[in-house]
Each structure stands twice: as structure tokens, then as C-alpha cells.
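Asker: Sequence:
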Amino acid sequence: MASQPSSSHLSRPAAGPRAKKGPVQREKPLILIADDSPTVLDILKFILETNGMDTRLAINGVEAVQMVYRDLPDLVILDLEMPKMSGYQVCRLLKSDPTTSFIPIIILTSKSYKQNKFWGLYSGADDYLTKDFEIDQLVGRVRFHYGNRGKLTEIKHPVPKEINEEQIIENVNEALDQKLFETTIIFEIAQVALSAGTLDEKISKVLTLMNRVCDFTVASIFITEAGQGRLFLENPGMASETYIFNHVELVMLESQNFDMRFDTQKVMINQWETGTDRGGQYNHIQSSVSFPLKIRGVTQGLVSYSHYSNGMFPDVVSHLLSRSADQMAILVDEAILFQEYSKLRGDLLSHATRVFSEVMKNARETEKLMRGKMNQISPWI
Numbered sequence: 002m003a004s005q006p007s008s009s010h011l012s013r014p015a016a017g018p019r020a021k022k023g024p025v026q027r028e029k030p031l032i033l034i035a036d037d038s039p040t041v042l043d044i045l046k047f048i049l050e051t052n053g054m055d056t057r058l059a060i061n062g063v064e065a066v067q068m069v070y071r072d073l074p075d076l077v078i079l080d081l082e083m084p085k086m087s088g089y090q091v092c093r094l095l096k097s098d099p100t101t102s103f104i105p106i107i108i109l110t111s112k113s114y115k116q117n118k119f120w121g122l123y124s125g126a127d128d129y130l131t132k133d134f135e136i137d138q139l140v141g142r143v144r145f146h147y148g149n150r151g152k153l154t155e156i157k158h159p160v161p162k163e164i165n166e167e168q169i170i171e172n173v174n175e176a177l178d179q180k181l182f183e184t185t186i187i188f189e190i191a192q193v194a195l196s197a198g199t200l201d202e203k204i205s206k207v208l209t210l211m212n213r214v215c216d217f218t219v220a221s222i223f224i225t226e227a228g229q230g231r232l233f234l235e236n237p238g239m240a241s242e243t244y245i246f247n248h249v250e251l252v253m254l255e256s257q258n259f260d261m262r263f264d265t266q267k268v269m270i271n272q273w274e275t276g277t278d279r280g281g282q283y284n285h286i287q288s289s290v291s292f293p294l295k296i297r298g299v300t301q302g303l304v305s306y307s308h309y310s311n312g313m314f315p316d317v318v319s320h321l322l323s324r325s326a327d328q329m330a331i332l333v334d335e336a337i338l339f340q341e342y343s344k345l346r347g348d349l350l351s352h353a354t355r356v357f358s359e360v361m362k363n364a365r366e367t368e369k370l371m372r373g374k375m376n377q378i379s380p381w382i
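Heads up: the sequence shown runs through residues 2 to 382, numbered per the working numbering.
Simulated from the structure, these hints should not be mistaken for lab results. All residues carry an ideal CB built from backbone N, CA and C; glycine is no exception. Each hint should be verified, as a subset may be incorrect.
Restraint-style ranges between C-beta atoms, simulated for each label pair [unchecked claim]:
1. 213 / 351: 38 to 48 Å
2. 183 / 52: 48 to 58 Å
3. 195 / 274: 20 to 30 Å
4. 312 / 37: 21 to 31 Å
5. 311 / 257: 35 to 45 Å
Based on the provided sequences and hints, a complete structural model is requested.
Answerer: Okay, structure coming up:
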């Protein structure tokens, strides 16, 4: 998520309490091990403590979650199959919560099937090991991941807390609901991408869809191509012309943050309707988020949302908008490729038509010439 760009006339939300950074500082790294096998727990405990680490042990998924929230360990080792909650569920829950998402997770299991590894990493795990590991391999992976945790972004409110089983179940359900919601939105955007229509029409459809998902005053998709820019605006709140100009300025500033290269004198903006100028706060951007549209590995676009009220894009909403931006990039790429294909096809058809016309013209002239020759020869036959 891009930060709010600074500008003399763009209002900014009041600063909240400073977030604490990273995990709790300790003399020794604390590793939480979750496995329903006492033998495995004892072996891992011995290996890690022999190598200078402290450990906590959990015998099921629920206990593992409770310990994570209470102790905020430096790293978690999870077995896949545990009572009450599987390792997948624990991993998904911890990685979906900003208060625990910074904690590295290693999935450790006896299963070596590709689908298990894929699902483990897709659930948010940082690494995956089978239980036939070498000791040096395990210790090396653990040290690597907890050593890199400080490079992560700031985490809000990483304060140890108690959590009961009922709260854990509630959190799991919320995480599943959020995932289902995200998947539904991504599917809807994919359907727009597959539908007939021009790039302009598809962008209009997808921004209209996003207006059903979250509340914004103005949204836009900015695309650069061959040094030029195109800005598509959606103004469901009928914002004033002043607000629209502020949003456009926001997009131009954010595009610089994402190192998008284009000629600012060659930016086309689609037509839009404006509402009544109500003045005051309604002309100023108080909340905004922007996400890059990466097309074939290069940032060629930017989707931006703004609102005249504070706090309109909390973490949950921003995460959804970020995931949606990934699918929008695919939509834009496919639409541009289709336009290029249509133009190339049109050029080829036009060229083929000209060639065919020239061939037919030459054929008619040849036929006319042959008829003349035949007429000259016929009296002598």
C-alpha cells in the first residue's frame, strides 16, 4: 500500500499511536513447537535448546494459537495433522492477523506429497520441511527465518494477550469468511476480463464492481504505455471538480512513488460527471490508498481510491483492494493485448485486401490485353 503523498492542499489523517516494531526482544530466540507427538516434541526441543534457543511446546492447534498470542515467539514450527486445529488452519489464522503475521512459520510433517507442500506454503508458511530432516538443515532454516524477521514491515499492536478457544474459533471463521470474500471478488474481476468489450468498458465495469465492495469518493485506474498515460475515473459520489483535480494530482504523485515513467503532458483523462461543489471537507482527500498494476513484471498501472473522510481504508479493506489489484493487472494486460491483436488483425486484413485488389486489377488488365491480342489474331485464323 502506498503512503499518502504530501501536498500543501491535500489533508491527511491524524496520526495514530506509533506501532511497535517486530517481535519481543529476548536474550535467546523463543521457538514454539506444535506437534501431537510427545516424542517429536522432545526431539525438537533437545535439538533447538542444544543450539542456544528457548522452546515452548504445544500438543494441538488450539494450544499453539493460544501460546503464540501469549508469548509472541520468534518462530513457530507446526505439524500438519494435529487435534482441534490442523497446521494449515493455525498458519492461515496467524498469517491473517497483523498482530502475529510477522512471526515466521515452518511447516514440519512426515508427508512429502507436492500438494501438501503447496498447500502449506499457500497457507502462508515461510518454509516446509519433512521429518526426515538433517539436524543442521533444521537449525539452519530456523536461524535463517528468525534472523530475517526484523526486516519485515512495522506490525501494529504486537502485545502479548490471552485468547480462549471460543475466540480462536471465531477468528478462524472470520479468516475463512475473509478469504471467501476475496476469492469471490477476484472471480468477479476475472469474469469482467473474460467478457466482451473494450478496455474502457472493462475498466468501467471493474471500478463499478469495486464500488459495491468498498466505500470511496473517487477511484481510478491509471495506465502507461509507450510513454503516454491514460486515466480512467469513477466518480460514484458525484464529487466536485475541485475534488477530482485533487484526486488526479494524488495519482500523478503516487505514480512517481512507483517509478512509473511517462510524459506528464501526454496524459488523457476519460470524461466524467461532477457533482455540486459543497466546499469544505468535501473538496479534500482525507483517506487514500494506491496499488501498482504489474504487467509482465513491470509497473505499468496504478489503481487508486480516495475519500473525503478519515479512516476509510483500514487494513482489512486495503488487503482486499491489494489482492483485487493483482487481478486488475491481468484484466488490463489481456485487454491491451486484445487491442493490439485486433489492430494487427485489422492491418493484416487491410493489407491483404489491398494486395488482392491489386492482383485482381492486374488480372483484369491482363485479360483485357489478351482479348485485344486475340482480336488482332482472329482475322488470320
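Asker: Could you tell me which of the numbered hints above are not met by this structure, giving the numbers in increasing order?
Answerer: Going through the list in order, the structure violates hints 2, 4 and 5 and respects the others.
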